[in-house]
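S.K.: Sequence:
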Amino acid sequence: WYTTEVGRQPWVVYGVMRTADAVSPHRAFEVGLTLLLFIVVYFILFGAGTVYMLRLIKRGPPAAPDYGPEGGPGEVRTPSRPLSAATEAGAGYTVSRQPARGQGDKHGY
5 WYTTEVGRQP
15 WVVYGVMRTA
25 DAVSPHRAFE
35 VGLTLLLFIV
45 VYFILFGAGT
55 VYMLRLIKRG
65 PPAAPDYGPE
75 GGPGEVRTPS
85 RPLSAATEAG
95 AGYTVSRQPA
105 RGQGDKHGY
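7 is the number that my numbering gives to position 3 of the sequence shown; each next residue is one higher, with no gaps.
I should point out that these hints are in silico values taken from the structure, not numbers from a laboratory.
Keep in mind that a hint or two might mislead.
Stated by the list, open to error - Distance ranges between label pairs, derived from CB positions: (1) A26 to Y56: 52 to 60 Å; (2) L40 to L60: 26 to 34 Å; (3) V20 to L40: 54 to 62 Å; (4) M21 to I43: 54 to 62 Å.
What the hints assert, rightly or not - Result set (SDA-like, lysine to any residue): computed pairs, CA atoms no more than 20 Å apart in a straight line: (5) K62 to G51; (6) K62 to F50; (7) K62 to Y46.
Backbone N, C-alpha and C fix where the C-beta goes; we use that ideal spot for every residue, glycine too.
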């Protein structure tokens with residue numbers, strides 16, 4: 005960002021203001037000191053952020069509590085995935101394709 009802004013000189017209005025007129029009244033030492041302080045502050049923030057992230061990585065994710073298997077509707081823990089409440093074949097409700105005697109059409113539905 006710094007290099008881009010210096011190269012463009014956005015504070016100079018093209019055709020209206022000369023670069024010599026836009027020069028800061030501050031001495032080079034003051035401008036350099038300010039730039040150095042910005043660099044030091046950014047390195048401190050970058051270092052602190054890096055140390056924090058490395059600590060988080062070293063600690064790892066929190067252990068998941070052991071709730072047992074995921075439950076379906078009406079259970080204590082209802083899963084949020086659509087098919088996770090489906091049970092294995094033979095468990096739960098079943099639908100018979102054979103109608104009761106005297107009910108249904110000729111195809112048995």
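S.K.: Give a verdict on every hint.
M.R.: Results for each hint:
no. : hint                   : verdict
1   : A26 to Y56: 52 to 60 Å : violated, 41 Å
2   : L40 to L60: 26 to 34 Å : holds, 31 Å
3   : V20 to L40: 54 to 62 Å : violated, 33 Å
4   : M21 to I43: 54 to 62 Å : violated, 29 Å
5   : K62 to G51             : holds, 16 Å
6   : K62 to F50             : holds, 18 Å
7   : K62 to Y46             : violated, 24 Å
The structure fails hints 1, 3, 4, 7 (numbered hints given earlier, in ascending order).
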